[in-house]
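Visitor: Protein chains in written order, with this note's numbering: chain F, 662 to 920; chain D, 662 to 920; chain S, 662 to 920; chain H, 662 to 920.
It is possible that some hints are incorrect.
All copies of an identical chain are treated as equivalent in the list; a pair is satisfied when it fits inside any one copy or across any two copies.
[What the hints assert, rightly or not] Derived lysine-lysine pairs resembling DSBU-like cross-links, with alpha carbons at most 30 Å apart:
(1) Lys871 / Lys905
(2) Lys917 / Lys663
(3) Lys804 / Lys871
(4) Lys759 / Lys879
(5) Lys905 / Lys770
(6) Lys917 / Lys885
(7) Lys663 / Lys885
(8) Lys879 / Lys733
(9) Lys770 / Lys802
(10) Lys711 / Lys770
(11) Lys689 / Lys844
(12) Lys885 / Lys689
(13) Lys885 / Lys687
(14) Lys802 / Lys879
(15) Lys844 / Lys687
(16) Lys759 / Lys770
(17) Lys871 / Lys733
(18) Lys885 / Lys804
(19) Lys689 / Lys879
(20) Lys714 / Lys663
(21) Lys689 / Lys871
(22) Lys766 / Lys804
(23) Lys879 / Lys804
(24) Lys908 / Lys711
(25) Lys908 / Lys879
I should point out that these hints are in silico values taken from the structure, not numbers from a laboratory.
Quick caveat, the model's predicted, so the values are computed rather than measured.
Chain residues, written in single-letter form:
There are 4 protein chains.
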Amino acid sequence: MKILIIGDVVGRAGRNIIQQELTNLKSKYQVDITIANCENASGGNGLTEKNAKEFFENGVDIITMGNHVWDKKDIVNYIDDYTNLIRPANYPDPCPGKGYTIFEKNGIKIGVINISGIVYLNNLICPFTTIDAILEEISSKCKIIILDFHGEATSEKIAMGYYSDGRVSLVYGTHTHVQTADKRILPQGTGYITDVGMTGPFDGVLGVDKDIIIQHLKSRRPVKFEIATGIMQINGLYVEINEKTGKCEAIDNFIKVIE
Amino acid sequence: MKILIIGDVVGRAGRNIIQQELTNLKSKYQVDITIANCENASGGNGLTEKNAKEFFENGVDIITMGNHVWDKKDIVNYIDDYTNLIRPANYPDPCPGKGYTIFEKNGIKIGVINISGIVYLNNLICPFTTIDAILEEISSKCKIIILDFHGEATSEKIAMGYYSDGRVSLVYGTHTHVQTADKRILPQGTGYITDVGMTGPFDGVLGVDKDIIIQHLKSRRPVKFEIATGIMQINGLYVEINEKTGKCEAIDNFIKVIE
Amino acid sequence: MKILIIGDVVGRAGRNIIQQELTNLKSKYQVDITIANCENASGGNGLTEKNAKEFFENGVDIITMGNHVWDKKDIVNYIDDYTNLIRPANYPDPCPGKGYTIFEKNGIKIGVINISGIVYLNNLICPFTTIDAILEEISSKCKIIILDFHGEATSEKIAMGYYSDGRVSLVYGTHTHVQTADKRILPQGTGYITDVGMTGPFDGVLGVDKDIIIQHLKSRRPVKFEIATGIMQINGLYVEINEKTGKCEAIDNFIKVIE
Amino acid sequence: MKILIIGDVVGRAGRNIIQQELTNLKSKYQVDITIANCENASGGNGLTEKNAKEFFENGVDIITMGNHVWDKKDIVNYIDDYTNLIRPANYPDPCPGKGYTIFEKNGIKIGVINISGIVYLNNLICPFTTIDAILEEISSKCKIIILDFHGEATSEKIAMGYYSDGRVSLVYGTHTHVQTADKRILPQGTGYITDVGMTGPFDGVLGVDKDIIIQHLKSRRPVKFEIATGIMQINGLYVEINEKTGKCEAIDNFIKVIE
Ligand SMILES: [Fe+2]
Ligand SMILES: [Fe+2]
Ligand SMILES: [Fe+2]
Ligand SMILES: [Fe+2]
Ligand SMILES: [Fe+2]
Ligand SMILES: [Fe+2]
Ligand SMILES: [Fe+2]
Ligand SMILES: [Fe+2]
Numbered sequence: 662m663k664i665l666i667i668g669d670v671v672g673r674a675g676r677n678i679i680q681q682e683l684t685n686l687k688s689k690y691q692v693d694i695t696i697a698n699c700e701n702a703s704g705g706n707g708l709t710e711k712n713a714k715e716f717f718e719n720g721v722d723i724i725t726m727g728n729h730v731w732d733k734k735d736i737v738n739y740i741d742d743y744t745n746l747i748r749p750a751n752y753p754d755p756c757p758g759k760g761y762t763i764f765e766k767n768g769i770k771i772g773v774i775n776i777s778g779i780v781y782l783n784n785l786i787c788p789f790t791t792i793d794a795i796l797e798e799i800s801s802k803c804k805i806i807i808l809d810f811h812g813e814a815t816s817e818k819i820a821m822g823y824y825s826d827g828r829v830s831l832v833y834g835t836h837t838h839v840q841t842a843d844k845r846i847l848p849q850g851t852g853y854i855t856d857v858g859m860t861g862p863f864d865g866v867l868g869v870d871k872d873i874i875i876q877h878l879k880s881r882r883p884v885k886f887e888i889a890t891g892i893m894q895i896n897g898l899y900v901e902i903n904e905k906t907g908k909c910e911a912i913d914n915f916i917k918v919i920e
Numbered sequence: 662m663k664i665l666i667i668g669d670v671v672g673r674a675g676r677n678i679i680q681q682e683l684t685n686l687k688s689k690y691q692v693d694i695t696i697a698n699c700e701n702a703s704g705g706n707g708l709t710e711k712n713a714k715e716f717f718e719n720g721v722d723i724i725t726m727g728n729h730v731w732d733k734k735d736i737v738n739y740i741d742d743y744t745n746l747i748r749p750a751n752y753p754d755p756c757p758g759k760g761y762t763i764f765e766k767n768g769i770k771i772g773v774i775n776i777s778g779i780v781y782l783n784n785l786i787c788p789f790t791t792i793d794a795i796l797e798e799i800s801s802k803c804k805i806i807i808l809d810f811h812g813e814a815t816s817e818k819i820a821m822g823y824y825s826d827g828r829v830s831l832v833y834g835t836h837t838h839v840q841t842a843d844k845r846i847l848p849q850g851t852g853y854i855t856d857v858g859m860t861g862p863f864d865g866v867l868g869v870d871k872d873i874i875i876q877h878l879k880s881r882r883p884v885k886f887e888i889a890t891g892i893m894q895i896n897g898l899y900v901e902i903n904e905k906t907g908k909c910e911a912i913d914n915f916i917k918v919i920e
Numbered sequence: 662m663k664i665l666i667i668g669d670v671v672g673r674a675g676r677n678i679i680q681q682e683l684t685n686l687k688s689k690y691q692v693d694i695t696i697a698n699c700e701n702a703s704g705g706n707g708l709t710e711k712n713a714k715e716f717f718e719n720g721v722d723i724i725t726m727g728n729h730v731w732d733k734k735d736i737v738n739y740i741d742d743y744t745n746l747i748r749p750a751n752y753p754d755p756c757p758g759k760g761y762t763i764f765e766k767n768g769i770k771i772g773v774i775n776i777s778g779i780v781y782l783n784n785l786i787c788p789f790t791t792i793d794a795i796l797e798e799i800s801s802k803c804k805i806i807i808l809d810f811h812g813e814a815t816s817e818k819i820a821m822g823y824y825s826d827g828r829v830s831l832v833y834g835t836h837t838h839v840q841t842a843d844k845r846i847l848p849q850g851t852g853y854i855t856d857v858g859m860t861g862p863f864d865g866v867l868g869v870d871k872d873i874i875i876q877h878l879k880s881r882r883p884v885k886f887e888i889a890t891g892i893m894q895i896n897g898l899y900v901e902i903n904e905k906t907g908k909c910e911a912i913d914n915f916i917k918v919i920e
Numbered sequence: 662m663k664i665l666i667i668g669d670v671v672g673r674a675g676r677n678i679i680q681q682e683l684t685n686l687k688s689k690y691q692v693d694i695t696i697a698n699c700e701n702a703s704g705g706n707g708l709t710e711k712n713a714k715e716f717f718e719n720g721v722d723i724i725t726m727g728n729h730v731w732d733k734k735d736i737v738n739y740i741d742d743y744t745n746l747i748r749p750a751n752y753p754d755p756c757p758g759k760g761y762t763i764f765e766k767n768g769i770k771i772g773v774i775n776i777s778g779i780v781y782l783n784n785l786i787c788p789f790t791t792i793d794a795i796l797e798e799i800s801s802k803c804k805i806i807i808l809d810f811h812g813e814a815t816s817e818k819i820a821m822g823y824y825s826d827g828r829v830s831l832v833y834g835t836h837t838h839v840q841t842a843d844k845r846i847l848p849q850g851t852g853y854i855t856d857v858g859m860t861g862p863f864d865g866v867l868g869v870d871k872d873i874i875i876q877h878l879k880s881r882r883p884v885k886f887e888i889a890t891g892i893m894q895i896n897g898l899y900v901e902i903n904e905k906t907g908k909c910e911a912i913d914n915f916i917k918v919i920e
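Bound conformation, chain F alone:
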């Protein structure tokens, strides 16, 4: 099973790249399924139903989210209508949407889970308890299990990698919007990377206009964020999972810059 992971898609720029590049990327890697983090896809924060539909139409199979999941308020109304749009599983019940999905492709079931870190982020339910509970439910149902762990602190993300090693096929981090250089296969066969990076403007700060962010950091006052313009990038991960064992057999990260 060949899987393509796309890092946090930011704003219209990010959506446009997906529209233009995803078909090529998928055929280049002969991808079976594509998972994209879309928490910043609509105006930089959150996801509208219209944009969610476009991602699915443009070839994304599963959308994961993060701390910005509720920023477009309408999502609480539509999220339950989409089987393959998931949000961090560790929000307390009751909560709209769900934290994992089981996707089927070529007769093979792939569990996809989204969990948020809690260090420097919202105080959600313990990520480690959460992954234990979800695996208890789904491990017998699907050999291949993918975890998008949306976190800030490198310590928490690496700890989650080791904690899940041998129990899931892949743990990849999102949220920092900067790809890390540490992709590897952990001792028990789980693919791992601390962060896959982002998809959108190349010459901004996490996708936002750099002068606005500098102005914000210097003035310590609120600013109106605007998505950066210019050259684009798509950051992601390409992995191969053994369908019989659920082990990761290959993991490759890429940063593609598009002028």
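Place chains D, S and H with the ligands on chain F using the hints.
Guide: Same frame as chain F, now just chains D, S and H with the ligands:
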């Protein structure tokens, strides 16, 4: 001018790698000067005078620090005795030690600056104001200027890269202990990477035993950290700076794993 | 000089109380000047120009602000038109508005300063450095100096009280919306209270509908805040300052509940 | 049932006051049971077994703790030996100690619960979920239930008061070390105060020497805390609970200064 940057050296394991590998690395890259972040070098947090001396004896030219600078209490007594041991410049005055140094090699002056980020970290003086003030003092004295920006948030680190672009030769991040995959030369000629990573145990969490960190994150209680054992890694950066223009002409990151 | 201090005014409810009760309170205490913190006066966060004018018309002499100062975006356009509307002094320059004012009443000059704490709040310039710099400017101009220190952490607020003792007439805390029971005159003659409390709904959570806040804390998701209804309260402080010495001679806190 | 609550006891100074004053206070108010928060009793942070024993010998019936519970490392070894020493209930299982106890006096059972807030504090299990779960277990066993809610944010503490109103006899806050002026009986009969304050040095910052704290806040560097000296204070609450209904019938706060 060829410069070797070494990411956060962690504990005895990290110190041992430096002792064993630094001479080879320096000759392999024909390095002129070596800068190492040593905030975690003694027992995982802080730096003793004994260890500082060893680093200098083993070939480190300049030591930079970070948020753990004061963890070994004796440093306030000895830091002013070492010209080439610097701590984050944005601590309020009066403060032991200094935030930059001008190092001379082959008749060429190299300014080395250490600044701490303030997002998710200690509330120090604004990093952007700080770099402006230091550059005002030293820009006329040295063409080559290197900044170790010790920060957590990717946004703040990238913003510092753009903010300093064209005014310093290199901005590299430290602190997260995970190397990022985004090294580049910015439009005005400044080399940049969000984080250079760490030097010490490979199979731990930022250098610490992984089971202890997982136990800490699950229990939410204090634990006694212990440095991980096993395979080692050295993470760093190799850069070439044009001595006439101060521009970065080459930047290359490396993660060397040592069994 | 008799001074009336009014704690954080919240929403329309708080504005109505001021309109109804301020004249009575001022005559009851024979107040010379009235200072009110209005950072939450417009819809719970921020202050519109229309509401600022109403406060001045209703008898407030000086308006202080806090971390919500920029929440109503228009304030950056009008704040410089109002001599007696001040915002935390420790925002970095350049910044709209100013951090202190010198008000004159009956031929006596009263310095009023607004500073924000930085523990658990925005990383502004050091409050202690800030008060030193302002006192250097104004101490020779006015005997009576009042500081609204807008902070979260009790440690930082008490520390500011002691730090300013003998140099200002009164340090009072705002921001937590809960009045503390620790008003006193410090050894060198400065009146002090950790927090004066709030003005607005009595049966809410800091002025906001209690069920909404409980829902927010349990769900960890964003909610739309609504100002609570029902019984009202006005929290404040009444102080007497010796005009010759600038020392505080009397300090009395009050919580008035209005059915 | 007459209950005496003692706010965070700080250091040897605080222990001495308890030894000297508790017998008088108990007889003055004809107290049936005494509950003291002792998280800072040993050297300012944590609680040794020796000091815990002294509190029980000096007339404290139940000891509650807070975020400093684990600071004296030996507590994990002895806490399970003491029925009436409780720690925040919302630490994840497994955890040494327990979060509530049922104390019996004159044939009447009194449930005493300790929960920590999570806003600005450690990311523990949701306090609201925690109180629900404990009440489910103990509500049928004891009419009188007391909650020490150890929190920083006033919003979270007030929200807990309303959330528990009618289900417990008393919710009192600890942790900020500053007594608030908002004690009241909530609509459904629960006594409430946001913080009871502290017991120890009067002229310090939360019990610590004020010059050391100011030095810490100005320098942003670690300091060695020392307990303040001089005048002492004991802060607390005196409440009367109806034994048949479990409702709070009287609540009175006190700050006693001892020269
Ligand atoms: Fe994101
Ligand atoms: Fe995110
Ligand atoms: Fe480090
Ligand atoms: Fe660090
Ligand atoms: Fe406020
Ligand atoms: Fe505020
Ligand atoms: Fe305490
Ligand atoms: Fe505490």
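Visitor: Now tell me, hint by hint, if it's right for this structure.
Guide: Each hint tested on the structure:
no., hint, result
1, Lys871 / Lys905, "between (46 Å within a copy, 29 Å between copies)"
2, Lys917 / Lys663, "both (19 Å within a copy, 29 Å between copies)"
3, Lys804 / Lys871, "between (43 Å within a copy, 26 Å between copies)"
4, Lys759 / Lys879, "between (39 Å within a copy, 17 Å between copies)"
5, Lys905 / Lys770, "within (11 Å within a copy, 59 Å between copies)"
6, Lys917 / Lys885, "within (28 Å within a copy, 40 Å between copies)"
7, Lys663 / Lys885, "neither (40 Å within a copy, 41 Å between copies)"
8, Lys879 / Lys733, "both (28 Å within a copy, 20 Å between copies)"
9, Lys770 / Lys802, "within (8 Å within a copy, 49 Å between copies)"
10, Lys711 / Lys770, "within (27 Å within a copy, 57 Å between copies)"
11, Lys689 / Lys844, "both (20 Å within a copy, 25 Å between copies)"
12, Lys885 / Lys689, "neither (38 Å within a copy, 46 Å between copies)"
13, Lys885 / Lys687, "neither (35 Å within a copy, 41 Å between copies)"
14, Lys802 / Lys879, "between (51 Å within a copy, 26 Å between copies)"
15, Lys844 / Lys687, "both (20 Å within a copy, 26 Å between copies)"
16, Lys759 / Lys770, "within (17 Å within a copy, 43 Å between copies)"
17, Lys871 / Lys733, "both (23 Å within a copy, 24 Å between copies)"
18, Lys885 / Lys804, "neither (45 Å within a copy, 36 Å between copies)"
19, Lys689 / Lys879, "neither (43 Å within a copy, 41 Å between copies)"
20, Lys714 / Lys663, "within (23 Å within a copy, 51 Å between copies)"
21, Lys689 / Lys871, "neither (32 Å within a copy, 37 Å between copies)"
22, Lys766 / Lys804, "within (13 Å within a copy, 58 Å between copies)"
23, Lys879 / Lys804, "between (49 Å within a copy, 26 Å between copies)"
24, Lys908 / Lys711, "neither (36 Å within a copy, 46 Å between copies)"
25, Lys908 / Lys879, "between (47 Å within a copy, 25 Å between copies)"
In the structure shown, a violation is registered for the earlier hints numbered 7, 12, 13, 18, 19, 21, 24, in ascending order.
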